[in-house]
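**Student:** Sequence:
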Amino acid sequence: MSITEETEPSLVRVAGLVRDVPDYPQPGVLFRDITPVLADPEAFTTVSTELAAMAGEADLVVGVEARGFLIGAAVALVAGAGIVPVRKAGKLPRVAASRTYELEYGTATLELAADTVPAGSRVFVIDDVLATGGTAAAACALLSDVGAQVVGFGSLLELTALGGRDRLGDIPVHALLTY
306 MSITEETEPS
316 LVRVAGLVRD
326 VPDYPQPGVL
336 FRDITPVLAD
346 PEAFTTVSTE
356 LAAMAGEADL
366 VVGVEARGFL
376 IGAAVALVAG
386 AGIVPVRKAG
396 KLPRVAASRT
406 YELEYGTATL
416 ELAADTVPAG
426 SRVFVIDDVL
436 ATGGTAAAAC
446 ALLSDVGAQV
456 VGFGSLLELT
466 ALGGRDRLGD
476 IPVHALLTY
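Residue numbering for the sequence shown follows the working numbering, starting at 306 and increasing by one per position.
Please keep in mind that the hints were generated in silico from the structure rather than gathered at the bench. Source: prediction; values computed, not measured. Careful, some of the hints might be misleading.
What the hints assert, rightly or not - Distance windows between CB atoms, simulated:
#1 GLN331 <-> THR412: 36 to 44 angstroms
#2 THR483 <-> VAL334: 12 to 20 angstroms
#3 ASP420 <-> ALA466: 20 to 28 angstroms
#4 PRO332 <-> VAL400: 18 to 26 angstroms
#5 ASP345 <-> SER449: 32 to 40 angstroms
#6 ALA378 <-> GLU347: 26 to 34 angstroms
#7 GLY387 <-> THR350: 15 to 23 angstroms
#8 PRO346 <-> ALA446: 32 to 40 angstroms
#9 ASP420 <-> VAL326: 34 to 42 angstroms
#10 THR412 <-> GLY387: 16 to 24 angstroms
We treat Cβ as the ideally placed atom computed from N, Cα and C, and that holds for glycine.
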């Protein structure tokens with residue numbers, strides 16, 4: 306991550322807690338582990354308050370499975386908004402909509418619970434990392450499918466070399482740390 310003189314000290318501290326794990330989940334991949342950030346009360350508070358400020362006038366925060374649930378719930382609490390999870394297929398008893406998307410090695414499906422996001426709701430989507438953008442784009446499309454207005458996407462980390470931001474079109478993207 307590039308740290309500049311303008312970087313807030315609290316975000317420098319957060320960045321220092323992100324752990325690099327080489328060759329995970331496969332050789333040649335550098336995994337950015339945010340678990341130490343979540344475990345640190347001061348860092349987790351920083352992440353939650355910074356992302357909540359970016360949520361603006363959202364009615365709902367939508368957390369993408371699974372670490373997006375953790376961050377999203379904290380962001381919603383700080384922002385004074387409700388929280389709704391976007392789940393992997395088969396985890397919900399009643400489904401309003403589903404969206405299948407491509408992964409590097411196959412496909413995945415995300416689902417939204419019925420009766421949780423009213424048409425016209427302003428939603429701010431949260432996930433832990435923005436990488437290739439497949440999951441983020443699918444979550445945003447799923448919300449559009451039910452008539453929600455996606456007002457932004459926020460993440461703790463963005464892996465800029467993977468171009469995920471481009472997959473979100475006109476949706477404002479906010480990342481606290483970029484690598």
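**Student:** Determine for every hint whether it applies to the structure shown.
**Tutor:** These are the hints, each one checked on the structure:
1. GLN331 <-> THR412: 36 to 44 angstroms: violated (18 angstroms)
2. THR483 <-> VAL334: 12 to 20 angstroms: holds (18 angstroms)
3. ASP420 <-> ALA466: 20 to 28 angstroms: Hint violated: Cβ distance 40 angstroms, outside 20 to 28 angstroms.
4. PRO332 <-> VAL400: 18 to 26 angstroms: violated (37 angstroms)
5. ASP345 <-> SER449: 32 to 40 angstroms: Since ASP345 and SER449 have Cβ atoms about 35 angstroms apart, the given range 32 to 40 angstroms holds.
6. ALA378 <-> GLU347: 26 to 34 angstroms: violated (18 angstroms)
7. GLY387 <-> THR350: 15 to 23 angstroms: Hint holds: Cβ distance 20 angstroms, inside 15 to 23 angstroms.
8. PRO346 <-> ALA446: 32 to 40 angstroms: holds (35 angstroms)
9. ASP420 <-> VAL326: 34 to 42 angstroms: holds (39 angstroms)
10. THR412 <-> GLY387: 16 to 24 angstroms: violated (29 angstroms)
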